[in-house]
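Asks: Take a look at the letters that make up each chain.
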Amino acid sequence: MTENIVLDLFCSVLHGLEITVALTVLGSVLAFICAFVFGLGRIARWRLIRIISVFYIEVFRGTSVFVQVFWLYYALPAFGILLSPFLSGILGLGLNVGAYGAEVVRSAIQATGKDQYESCCALNFTRYQTFRYIVLPQAFPRMLPVFGNNMVELMKATSIVSLISLSDITFQAQQFRIRTGQTFLPFAVTLLVYFLLYLGILFFVQSVTRLTKPKSVKV
Amino acid sequence: MSKMEQKAVSRPIIELSNVSKAFNGVSVLDNLNLVIPKGQKVALLGPSGSGKTTILRILMTLETIDAGQVRVGGQSMYEEQSGVPRLLPESQLRSVRARIGMVFQHFGLFPHLTVLSNIALPQILNGQARKAEAEARALDLLQTVGLADKAHLLPDQLSGGQKQRVAIARALALQPDILLFDEPTSALDPQRVSEVLDLLNVIGETTGATMLLVTHEMEFARQFADRVLFFDHGQIVEDGAPDLVFTNPQDHRTRAFLGLPARGV
Amino acid sequence: MGSMSNRLRKIYAVTVLFMAFSVGAVHAAQAQTTAQVPLSRLAQLQQRGYVRIGLSNEPPWTVIDADGRVGGVGPELTHAVFQRMGVPEMQGVLSTFGGLIPGLLADRSDAISSGLFIQPGRCQAVAFSEPDLCDREALLMLANGHSNPRSYHDLAKDHALQIGVPAGGSEEHAALAAGVPANRLVPISDGPSGMIMLLSGRIQVYSLPASSAQHLVDLWHEQKLTLVKVEDAPVMCAGIAFSPRAVALRDAYDHVLAQLKADGTYDRILLAHGFDPTLAREHTRKEFCAGKEVQ
Ligand SMILES: Nc1ncnc2c1ncn2[C@@H]1O[C@H](COP(=O)(O)OP(=O)(O)O)[C@@H](O)[C@H]1O
Ligand SMILES: [Mg+2]
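Residue numbers (the UniProt record's numbering), protein chains in the order written: chain A, 1 to 219; chain B, 1 to 265; chain C, 1 to 295.
Hints were generated in silico from the structure; no laboratory data involved. In this text the structure is predicted, and so the values were computed from the model without any measurement. For glycine and all other residues, C-beta sits at the position ideal for the given N, C-alpha and C. Among these hints, one or two may not hold up.
Unchecked claim - Over the 12 Å line for every Cβ pair with chain A, so calculated as not near, a few chain C residues: (1) 40; (2) 142; (3) 151; (4) 160; (5) 184; (6) 218; (7) 281.
Said to hold, decoys possible - Straight line, CA to CA, 30 Å or less: simulated BS3-like cross-link-like pairs of lysine-lysine: (8) 213(A) / 156(A); (9) 38(B) / 215(A); (10) 131(B) / 114(A); (11) 131(B) / 213(A); (12) 286(C) / 229(C); (13) 292(C) / 261(C); (14) 215(A) / 114(A); (15) 229(C) / 292(C); (16) 114(A) / 213(A).
Stated by the list, open to error - Covered stretches of chain A, as calculated for chain B (at least 3 residues, CB under 8 Å): (17) 107-119; (18) 122-132.
Between the sequences and the hints, there should be enough to build the whole structure, so can you do that?
Replies: Printed below as a string of structure tokens:
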């Protein structure tokens, strides 16, 4: 009996973990792309692109991710767009967190000193070269810690997908409770799994941070 | 030197004609005219706020002018558009900028790149050399400025004087015809000043580049420069050979600045 | 600082174009599907080979195991009916109880089979089949409890009682109708949560369908619990819920359901799960909907 329950819980968590990890990874990839596209768009020279970017950022920051996912899943079908639950989840999470990321990208880039731009001008760099070789490499490490926080937020927010019939860890734990009446065990395991995922993200971000740190080589 | 000879050796490389510049309605340069022949070493002196930096920045296209024209190597940098000078489009400016290098008071080194890369990258991005070649030249230059052993450090690991020498090496790497120095020693500890000034002397003797130096080091300016310009409120109030300007300035403002007694009329 | 080069602009243009294209593609895809000759819903399901059934985990009505496999009396019966209708496979769309009807209306599922009781309010939103699974309301409490209510009227009289009811369930209406004030009703998200609240004294009574209550009693077999079938509440019957635009499909379902009731298949499935097959035969959708049916 207890062995059965443990096996059941193990299976539940494993299946849920698959969904939670997939949503976290793919959602973060989308968020990362959106952060750059709209963060740069926010400070682009084209007015229209700036307007579109500000619109995106403010709409997605100003409404809850809960409502956004709900919209994608339950409301869009009314307009004839039937996204799969998984795609709805990724889009909702990625677009929401991407809006926060866009502001991170913008502020990290704007934090680049005026002297850096002037040096680039004096060294006859093109705008692209200035951005690619001087501004971005300095701005990117500034973004990383906040990106890490955003990714953790995204990971924690994945639990809302149970609302749109995706069986993530939280949903699986809940189903397990309903099946077995056990409450302490699934909640304890869920807590632990989320914490381990958090540590995983932390480790990932630290590794990337180490990689992007400027290196001096003693000869 | 006869007038004819002078013309033959010294084609103007920099020409500012009737240049005016105001910041927020406050005039900084007013109808300024200045011609600098190729190869000349010019010291720009004058009280703070008199417009010296602004002139260098205009040449580097970091500032734009409100009226007049700027020519570098005979090429105009502005085109008239309904009576107002407009900077040429980016694509045409690049060939002008390629002739000019600038050294800033606060160095402007790239903190994420090693000393070597700071000097090599501009050569690569300007298409002057491939990586290996650019790095070899960078090492040569570091040798010249006495910092070959610091090649693989980051700028933050250097002293102010060392940073400025790297910045100078970086400017030299692109082999510009014109070198602009904006108070290259005023952000340095007093005991570090001489290492940069010594380097300027070496460059002055070896490169043959036209050099414009804004400085408050009077002694240095006197022995370094071919010509001294004294600025006050956006105007050139003194223009001549160093010995003349320093020993017998014509304008009372120059005399006051140099601490000489006012001349009786 | 607006430091974008021409190359960056191009990247932008491409991105924007790509997005515009994606939106366009979705529209085109939609236009294509709607442009087809309209098949009946049943024909569509037959062609597709599977029916999507909205489910929430409500044992013993619906049971979902660790691998997401669906069982329990409701889905089993529904599956049998759809197989007879020529739709061989069933795919479960899992959600919370509250998410079932929104999911159906958003075309996320073709029907709901999760112990959804037929009620006038719900009849306005969805098209129910004829009753299939019936149950009485029950009250669950600790055996050593001070009071011993047997009906919703008893609950209304004892002001000391906090009463747990399933969130979005039919018990809330029944209790309110019997005069229980709303501030003594506590919505409960799921059975185990209700049990914990009962055991910890946050509620004194947990009202829920008798078979759900029995399931909890079985799970908490080491606890001394009292299960009372409510005297003053009528039998409630669940049906399969269809979209209001799928009345024809619902009618086809009813037709086959009646066949299964006649040939003994229905009885076999219900008896296997401990449900009483006679109850549903005494009731009709019309009676539960009280004239509020969608047409
Ligand atoms: N970006 C700017 N905005 C407003 N005023 C400026 C700016 N740059 C320079 N100025 C003003 O222009 C004048 C000349 O400045 P500058 O050329 O830096 O003088 P100098 O280098 O001789 O000390 C000063 O009064 C200064 O305050
Ligand atoms: Mg200055």
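Asks: All the hints need checking, so say for each whether the structure fits it.
Replies: Now for the hints, and whether the structure bears them out:
no., hint, in the structure
1, 40, "19 Å, holds"
2, 142, "16 Å, holds"
3, 151, "27 Å, holds"
4, 160, "26 Å, holds"
5, 184, "24 Å, holds"
6, 218, "9 Å, violated"
7, 281, "30 Å, holds"
8, 213(A) / 156(A), "28 Å, holds"
9, 38(B) / 215(A), "41 Å, violated"
10, 131(B) / 114(A), "27 Å, holds"
11, 131(B) / 213(A), "21 Å, holds"
12, 286(C) / 229(C), "24 Å, holds"
13, 292(C) / 261(C), "26 Å, holds"
14, 215(A) / 114(A), "23 Å, holds"
15, 229(C) / 292(C), "28 Å, holds"
16, 114(A) / 213(A), "21 Å, holds"
17, 107-119, "holds (count 4)"
18, 122-132, "holds (count 7)"
Hints 6 and 9 from the list above are not met by this structure, while the remaining hints are.
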